Amino acid sequence: MTTKTTATTGRGGLDAEEVRRRVRAFLAEHDPATTDRAAFLRARFDAGLAWVHFPEGLGGLGAPRALQSVVDAELTAAGAPDNDPRRIGIGLGMAAPTILRFGTEEQKARFLRPLWTGEEVWCQLFSEPGAGSDLAGLRTRAVRDGDAWTVDGQKVWTSNAHNARWAILIARTDPDVPKHRGITYFVCDMTAPGVEVRPLRQITGEAEFNEVFLTDVRIPDAHRLGDEGDGWRVAQTTLMNERVAIGGGAVPREGGMIGVAATTWRERPELRTPGLHDRLLRLWVDSEVARLTAERVRQQLAVGAPGPEGSGLKLAFARLNQAVSGLEVELLGEEGLRYHGWEMTRPETVDFFGHDAGYRYLRAKGNSIEGGTSEILRNIVAERVLGLPSEPRIDKDVAWKDLPR
Amino acid sequence: MTTKTTATTGRGGLDAEEVRRRVRAFLAEHDPATTDRAAFLRARFDAGLAWVHFPEGLGGLGAPRALQSVVDAELTAAGAPDNDPRRIGIGLGMAAPTILRFGTEEQKARFLRPLWTGEEVWCQLFSEPGAGSDLAGLRTRAVRDGDAWTVDGQKVWTSNAHNARWAILIARTDPDVPKHRGITYFVCDMTAPGVEVRPLRQITGEAEFNEVFLTDVRIPDAHRLGDEGDGWRVAQTTLMNERVAIGGGAVPREGGMIGVAATTWRERPELRTPGLHDRLLRLWVDSEVARLTAERVRQQLAVGAPGPEGSGLKLAFARLNQAVSGLEVELLGEEGLRYHGWEMTRPETVDFFGHDAGYRYLRAKGNSIEGGTSEILRNIVAERVLGLPSEPRIDKDVAWKDLPR
Amino acid sequence: MSATPDLLYSDVEDDLRATVRDVLTDRCPASAVLARCESDEPYDLGLWRTLAAGSGLAGLLVPEKLGGAGASAREAAVVLEELGGAVAPVPFLGSAVLATTALLGCDPQDKRVARLLEDLASGASVGTLAVPLTYGPGVSFPQTVRADADGVLTGTVTSVADAAVADVLLIPATGPEGPGLYALASDTPGVRVAPAVPLDLTRPIADVTLDGARAHRLAGSGPAALEGALLAGAGLLASEQVGVAQWCLDETVRYLGERRQFGRVVGSFQALKHRLADVWLEVVSARAAARAAADALATGSPDAPVAVAVAQAYCSTAAVHAAEECVQLHAGIGMTWEHPAHLHLKRAKSSELALGTPGHHRTRLATLVDLPAAG
Amino acid sequence: MSATPDLLYSDVEDDLRATVRDVLTDRCPASAVLARCESDEPYDLGLWRTLAAGSGLAGLLVPEKLGGAGASAREAAVVLEELGGAVAPVPFLGSAVLATTALLGCDPQDKRVARLLEDLASGASVGTLAVPLTYGPGVSFPQTVRADADGVLTGTVTSVADAAVADVLLIPATGPEGPGLYALASDTPGVRVAPAVPLDLTRPIADVTLDGARAHRLAGSGPAALEGALLAGAGLLASEQVGVAQWCLDETVRYLGERRQFGRVVGSFQALKHRLADVWLEVVSARAAARAAADALATGSPDAPVAVAVAQAYCSTAAVHAAEECVQLHAGIGMTWEHPAHLHLKRAKSSELALGTPGHHRTRLATLVDLPAAG
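Chains as they are written, first to last, in the working numbering: chain A, 1 to 405; chain B, 1 to 405; chain C, 1 to 375; chain D, 1 to 375.
Be careful, since some hints might not be right.
Said to hold, decoys possible - Stretches of chain D that chain A covers, calculated by requiring three or more beta carbons in the stretch to come under 8 angstroms of a beta carbon on chain A:
hint, region
1, 31 to 44
2, 93 to 103
3, 260 to 271
4, 281 to 293
5, 367 to 373
Honestly, the hints are just simulated from the structure, not real lab data.
Here the structure is a predicted model, which is why all the values come from computation and not from measurement.
Each residue gets a CB set at the ideal place from its N, CA and C atoms; glycine is no exception.
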């Protein structure tokens, strides 16, 4: 993507040229062909080439974020291993920015390096069975006990919990104040006694997610992120980064779900009907327009003028993924009656477009739920973008323990 | 329509046979061919053959409502004039049932006969510019002044106000109590000083409706219907009858808006495209299903087991009228760019299907607003049919005068 | 258009519904259906025996003199509403609807036809009509199986509903006498029934391969018998779809009436209320359409092809919409395997394809009601 | 697909928008547009003179050496957004877009072509392209007007936008040299321009009858010039539709933010909020699509036919939806003549037909992006 006005010179006179020089110097000392992957990644972190916009000493150079692409391009060209970012997306995208902003120096030093190298995988313990859209209504309790906290509760929709070493966790520490004010944010050791992870099977048959049961789990107070009772504000940093991550991928024409359906249409003329043709063309148009809308958002970001359109992208893609995959099942006819298999698997990463049309249809149902339901997103658009008034709220000024259940 | 279990024998042993005998006796004395229309209708009223389910002396026989069809069939066969029910629908459908239920003996005796014969046309003064969906929020004030009331305010969406002799009117008589409790129901003389009627032009160019301005209008207390402060309850009777009237007409296959579009499709093959074909067929299916749904409601009523489906009919027909007329404009192409004319006319009756496709398209927009918006109807379905809780209400227990404006 | 259809439920139909519902409430809760989906026995044949023989459902459409209940499509429709609501894994559609109506379209005076009907009616055997489940009324006679003069069949029929548990298969095949229906027992040598992995876990399908399998051509059979069965099947499937949709609506209303978020009952949020009102309107509309189709089939109305096409075009879509809203408005829990919403979603989506897609039925209507295509 | 289009507004474009908006706010409030609809002069030619000559909009697309602003479709698109929002009764589409791009598709070296462009650019004359407003890119060359060797025209063109105020008509006709564009002054003997009653009160149409009227065949004209004008017109109409839709959204949000019912601001009801969020998403999406079309036209991208078809197919529908929601959510007041919502509804619905329906553009796309029809 071309950037128009983004500053590309940072502190200490760091520009693309200087960064490129540093990468080459680093590569001269660490030949990817002969260096052990983990050692290479650790060295890269220590050289400040992990995320150049992070501070020096924490994997960065205090350089502008845009210069990261220079680093990545040089390293890729040199055949260097990467840190498999899809596998550790929660750590990179959610935990790291939160630790950077709210963590103590000790926490940053302890957690960021193995997080970035992938040696320690992170997961997120936010949602609960009774606290989905209303995340701040969560019930998991953390009770202070000397230098530590004792945590009890149940979390759900946790990707990668079974592989994770650490979790970011929010829990209620004060039920006597309104719900947003009684929450505290922790780093939870997933290997601690009392942490039980169970796969959560979903409608596709797969178990991408887990339920996590917390029973008398001890968390040292040193693993608290931010102040006691300030967890909701800390969590906002995490969630903001989640939304950006979900809406941010660039998509070429026919790059999304529509490409799969268009290919089927082109390759299998015997399936075509006039009615399906009109519907396919409508969805093709809608998909292309959604792609352009996302592109426009990226151009706005690139010139440092983000518009509110970003809020709508997830809404649009959820609707399209659902409509297109639904059409594809119908188009396939008899083949649409079949499924690739119902054996429970635990995929490491999410796949919206894989397997068969039935899988895509079922998986797409989650697109309007995960990471903020479409209903909540419409509220956000109406209130924050259009400025319409919020509805009467009865849960903002009442102590959490006194809310109706 | 066949009835299954409806009682067709009423008080005094009145059955179809006896009613038919009475009609024939009446016709023997009043030959439609030689009797003046008004005189014929007055005599028919006096013979209890106007609305047989009304009490004796008030145009009825105290007979089951179902026997009215026997009367009508006999009179039609004999070539008798009718009372032009479409022209006086508000009197027949809304004012009459309310007067019958809440009126004094004097009021019934004074109003019902000329109402039924059409010698006195009625209109309805309920809606206000600031009180549409929230009718109970109305501002028109009636202040007691001895044996009379003085009324000031503005009403809107009044059909036939310019032809009407009488109006049913609701006005606020006590601003110090919550809004539903401070309303009183009146009969208003439309020829009284201070009543000003202005045509209200609408998006079709026509003025089906009026605005009515009331300035120091005197209404004798004898023209109050029901108790002071009880007007909201009285108005419910009126409105219930309005909804029945709107949803109640029987429709043959292709009898509604779809019939117009289907005829155009059949007669003008040059307009057809594959995409429009699929949309037309979808709307044809939806129209036929709506027709069957209405028919099912009628069959339920006929066996005395009304279901909740009636609440949905108006929703369905509004949506269909809008979608079908919108399609028709598109189908017509160049012809759809044109309109029959923008001269302001004041039609006596409503015509959803007349003129041209553009008119139908514009007029249909009102179908989801007039007589209860589709939004209000969805609330009603959700709360009364599905039993979902109402939203938090802040306007039920506050004095009307203290409500936020 | 012929006489106005009777769109209500008779007292007899209400009683039948109550009977079926009692059995299903007792024997077929969602938890049991889910558990069975993970077992090697996707069908609940114990339940089927209870319904088939005990409640007489297997022979609902079979004349009394052949051991059936002598009821009509109206009653079968009521049963299908209940079976759809429970996504009950029983072969009612294949055996009691498709196979039965196909046989009734042959010559029921013929002894073989009569005996087959008697066996289906008593529940002694389970049958199905061996066509791909996606075939709807108006398709041309299938050409994938050939018969020789002795009734020996060769060919394949894919995606046959209820074939995996059928004792008797009725196979459309073309022989020296032209197209007709051939009956054979599923354990006849040369018959192979291979279950496929279905999207709809509660209505399994299987591929039937015939490799020189000896069958009997049924007297009086021909394309009309097949078309009659597909018309009846499509019309009655609409009622099953009404049952699916009604369950989805009821369950969502129930859940949203209990679930709280933001200190409020979620069902009090207006946007959700309006969407449920729209689903409700579609369900009551679908019910009217399905009743009209069932009544037209029951009375042999000449309007039946139109009524069936209307019902299928409408109810398929209504059921999918209701199931999709059910999952969405349940949100997280609706995406889990442990909640039964997905069973109804899969049934609804598969049923959209079954016995003709909505698009297929609209195309049929174009001809039936004279709204010709462009060009 | 070619290079990524620039979908943003440049500073120059923002300035142009501000200029146009200032004039329209001042000179073209809704009340004035409504009043004019009831007058004998549906066009506001005073306003047009201000915009055309004063702000230089008439010659936006005309090269500087011919007296124009030498701008591109990107700037014209911004102007159309503003004109659409105000439903301004001025002949920008007919004169500054359709006639101008048609002339630019001829031979601008030719003196007659050049002079016509100069006159349009200066605002000295108003022109239009005499095709039915419903013609879109990809239609075959119109056959309703014939020309003889002297350029004498005979025939009829119906439903021509802006013809009633055009001094110059560009008429596609077929003469001895084949199909081409012929120019004539509208007061030429043998020309009759008969206004029709339009559904869209703010963009009048007229029927043009040519009864032996002497015209001049334009050098270098042919079907390609017409196609180019229709492509540009369709692509730019998308931006006008964005303007209409944006007005409808803004006005509805404003009204619902003020109106109270049930003691609450109506805009706080969640069902309405969600619908407005959906309209908003359609408007921002339409804007991206319209920008892509304008950019493709401005850069002469080979992707322009696709970008225009996508924009028209999407923006037409988005504008109609926004206008319909505007009327519905205004409820009673939105049904009245005195409120301007109906002007936008009529513009949106007529524009859905203009320069190709959404269905026409989808059919074009089927070919352009290789998604062939059935059969």
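A quick look at each hint next to the structure:
1. Counting residues of the region 31 to 44 of chain D whose beta carbon lies closer than 8 angstroms to any beta carbon of chain A gives 0, which falls below the threshold of three, so the coverage claim is violated.
2. For the region 93 to 103 of chain D, the assignment as covered by chain A is violated, since 0 residues bring a beta-carbon within under 8 angstroms of that chain's beta-carbons and 3 are needed.
3. Check result for the region 260 to 271 of chain D against chain A: holds, 6 residues qualifying (beta carbon to beta carbon below 8 angstroms, three or more required).
4. Counting residues of the region 281 to 293 of chain D whose beta-carbon sits less than 8 angstroms from any beta-carbon of chain A gives 9, enough to reach three: the coverage restraint holds.
5. Given a C-beta distance limit of less than 8 angstroms, the hint that chain A covers the region 367 to 373 of chain D holds, as 5 residues qualify and 3 suffice.
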